[in-house]
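Number of protein chains: 2
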Amino acid sequence: MKEITSAQNTTIKETKKLLKNKYRQQSGCYMIEGEHLVEEAIKHGQRLDKLFMTKDFMVNNEVNEWLTQADEVYEVSEAAIKAISSLPTPQGIVAVLKQTSQVLELPLQAPVLLLDNVQDPGNVGTMIRTADAAGYAGVVLGKGCADFYSNKVQRALQGSHFHLPVVQADLNTLIPELRSQGVEVYATALDKQAKSYRELTPTQPFAIVMGNEGQGVSADVIKASTQTIYIPMPGQAESLNVAVAAGILMFAYPI
Amino acid sequence: MKEITSAQNTTIKETKKLLKNKYRQQSGCYMIEGEHLVEEAIKHGQRLDKLFMTKDFMVNNEVNEWLTQADEVYEVSEAAIKAISSLPTPQGIVAVLKQTSQVLELPLQAPVLLLDNVQDPGNVGTMIRTADAAGYAGVVLGKGCADFYSNKVQRALQGSHFHLPVVQADLNTLIPELRSQGVEVYATALDKQAKSYRELTPTQPFAIVMGNEGQGVSADVIKASTQTIYIPMPGQAESLNVAVAAGILMFAYPI
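If you're matching them up, the sequences are chains E and D in order.
Going by the UniProt record's numbering, the first sequence opens with residue 1, and the numbers climb by one from there.
Going by the UniProt record's numbering, the second sequence opens with residue 1, and the numbers climb by one from there.
If you're looking for bench data, these hints aren't it; they were derived computationally from the structure.
Heads up, a few of these hints could be off.
No distinction is drawn between identical chains; accordingly, a pair holds when it is met within one copy or between any pair of copies.
[Unchecked claim] Straight-line Cα separation of at most 27 Å, DSSO-like style, residue types lysine-lysine; simulated pairs: (1) K82 x K152; (2) K192 x K16; (3) K55 x K98.
Sequences and hints are given; from them, build the entire structure.
Written out as structure tokens, the structure is:
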């Protein structure tokens, strides 16, 4: 274990760059933060490139087993952890992991969630977490979605990407492929052909498409889909938050 | 219409204070921001204490009708609107409104949503918006909930409090009162007595209780409730985001 006291240390400065998308892409790495996420990563066999912990954190947690799961382990000062943390109050533990390319296995054994241009990182992370809870086979991030490896997405998804594949793909290519495999694709939309989700009995496996917070699912993706569906709202709100809508739909059809 | 060019103007400085809870309580006022929210307020007969708009906003929007709905109207500079905005990119329009005490009318005509110590402003706002979409009769914020008049809650609820009453109350007093009126109260929890929400057929009207993001619904509130319910999760995620869970439950029982 090496010791780092200064926030100006080279390793700290290099790691700090991972807060930016550009450098995450260049390096093929990303950061996770907090005891729960690091524990989830290790539990699911993820090797850690780097593990940074404060003395305080190591004294108060059982970390011995974790030390063997990381290529490099650092005991860092509060100032150093603050420099690489994306939180106002750092939790004393940060890890660097390699980005892994995950694959959606066909034929599907369960439904999948397709996201089309969902821009808010909290929404993307929350929907992946919900898909995980619902027992979905995977989540596909289409064009324009928030960067999956950003700290905000990672925070909201709470380690769910260690449980199910999260794949980046062009939905305009993927949807025809899914449909040729017999997967029905239901896109959320408010067009005239849209069917209430309550009247739909999807045949397994199927896919649900959620769209951009303001514009919804794009016209091309709707065209490629089997059917459009909507959530009837008896009240006065004009719309639902997209992550809430996704939760309602995913739990409406037990798998 | 008065003109304000400086961010140091007294009215601007006074208004800026409303970004803080303490001053909102002292003054009994709060702020809303953006065209949609101001439009919703006016549409629902809310009088505006103050209305601040940039020249640019007034040129690009139909604001004539709004001018008569505000006691004081100000044309302000970009610098001045930036000083009172809670957004990184201000939308050119901010209004100050009086806080109004809303009342939950008994007997209930529809279900209500009770929030026990829900701390995240985004979650509180999103749940009010979802309750509005679901046609609920109202939302009650119990102890420990995020400040309803904060800009973050206001942003997430998108004007839904102009559609249904949002009331602050002690749930330990309110729940027995509701039950004495024949309202069944279902609290989300993972205790042994909890029933799957899929097996529940609630009799109208009823109430659903959602709890704190980490600790769930408090023991006292659970004790006062009719029955505990839970959402079965076939996947691996340990929990659902509270606003997603609320959405699943509110849309599970059509009103």
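From the Cα coordinates, with 27 Å as the cut-off, is the pair K82 and K152 best called within, between, both, or neither? both (16 Å within a copy, 25 Å between copies)
Please sort K192 with K16 into within, between, both or neither, judging by C-alpha distance up to 27 Å. Result: close neither inside a copy nor across copies, 49 Å intra and 45 Å inter.
Within, between, both or neither: how does the pair K55, K98 come out at a Cα-Cα threshold of 27 Å? within (25 Å within a copy, 50 Å between copies)
Hint compliance for this structure: hint 2 is the single one not met.
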